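K.L.:
Listed below, chain by chain, are the residues.
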Amino acid sequence: NAGVTQTPKFQVLKTGQSMTLQCAQDMNHNSMYWYRQDPGMGLRLIYYSASEGTTDKGEVPNGYNVSRLNKREFSLRLESAAPSQTSVYFCASSDGLAYNEQFFGPGTRLTVL
Amino acid sequence: DAKTTQPPSMDCAEGRAANLPCNHSTISGNEYVYWYRQIHSQGPQYIIHGLKNNETNEMASLIITEDRKSSTLILPHATLRDTAVYYCILMEYGNKLVFGAGTILRVKS
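Chains V and D, in that order, are what the protein sequence lines are.
Residue numbers for the first sequence, in the numbering used here: 5 to 117.
Residue numbers for the second sequence, in the numbering used here: 5 to 113.
Keep in mind that the hints were calculated from the coordinates and are not lab data.
None of these values were measured; they are calculated from a predicted model.
C-beta atoms are modelled at their ideal positions from N, C-alpha and C, and glycine is treated no differently.
Each hint should be verified, as a subset may be incorrect.
[Stated by the list, open to error] Derived pair list, reagent style EDC-like, types lysine to aspartate or glutamate, alpha-carbon separation capped at 20 Å:
(1) Lys100(D) to Glu77(V)
(2) Lys73(D) to Asp86(D)
(3) Lys100(D) to Glu83(V)
[To be verified] Some chain V residues near chain D, calculated using beta-carbon distances under 8 Å:
(4) Asn34
(5) Ser35
(6) Pro43
(7) Met45
(8) Gly46
(9) Leu47
(10) Tyr52
(11) Glu56
(12) Gly57
(13) Gly62
(14) Phe94
(15) Gln106
(16) Pro110
(17) Leu114
The whole structure should be built from the sequences, with the hints applied where relevant.
P.N.:
As structure tokens, then:
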């Protein structure tokens, strides 16, 4: 099992450009999450998907959109990137919205110039 | 804001037990205590969680005080590979993790 995979690993954008971060999990998990981590800080939840077909905002959703494409895949889109979105983005999955451990991907390091 | 308080950093000698404290004085009855760690530049890794009772798994032990206002994560025999940021997190039903700054644990040979 690969667990949670994320693409790309690194990305540099110019202000105003758009891009989509991809996440996939092979653990048959119902719930998936997107976090961002700024230097020296803990992770903050951007969006989550409790199950296929549903998405909800987290703590810092502004400037992002998400799509739960199917049970395996959960993508994060930046429509018009801003320097404030320079961060490391982590995707995670869990078995559900109960008290379940989350499994994290390796992260995407995004720089917006 | 995170509802837990952890020391910013700690050092531990290799082979010794690492005891990481966490205060959560406003914990509610339905909140679990979770511990995750993040090794440099990697995604966080689940370690252990508990509600009231002490818990142990292959990685660590979790000691929760009787009043549930604080807890301690114990790595029984720390190795250099345990150097990481350790996060103590309170989780309600809904499974949304709220990360604080965590404790940087440095294991030294």
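K.L.:
Each of the hints needs a verdict: does it hold here or not?
P.N.:
Now for the hints, and whether the structure bears them out:
1. Lys100(D) to Glu77(V): OK: Lys100(D) and Glu77(V) at ~19 Å, within 20 Å.
2. Lys73(D) to Asp86(D): violated, 26 Å
3. Lys100(D) to Glu83(V): violated, 25 Å
4. Asn34: Where the cut-off is 8 Å and the nearest Cβ of chain D is about 10 Å from Asn34(V), the hint is violated.
5. Ser35: holds, 6 Å
6. Pro43: violated, 11 Å
7. Met45: holds, 7 Å
8. Gly46: Because about 3 Å separates Gly46(V) from the closest Cβ in chain D, which is inside the 8 Å limit, the hint holds.
9. Leu47: Holds, about 4 Å.
10. Tyr52: This interface hint holds because 7 Å falls under the 8 Å limit.
11. Glu56: Since chain D brings no Cβ nearer than about 16 Å to Glu56(V), farther than 8 Å, the hint is violated.
12. Gly57: With a minimum Cβ separation of about 18 Å from chain D (threshold 8 Å), the hint on Gly57(V) is violated.
13. Gly62: holds, 7 Å
14. Phe94: Given a least distance of 5 Å, the restraint on Phe94(V) holds.
15. Gln106: holds, 6 Å
16. Pro110: Result: holds, 6 Å to nearest chain D Cβ.
17. Leu114: violated, 14 Å
Comparing the model with each numbered hint stated earlier shows that hints 2, 3, 4, 6, 11, 12, 17 do not hold.
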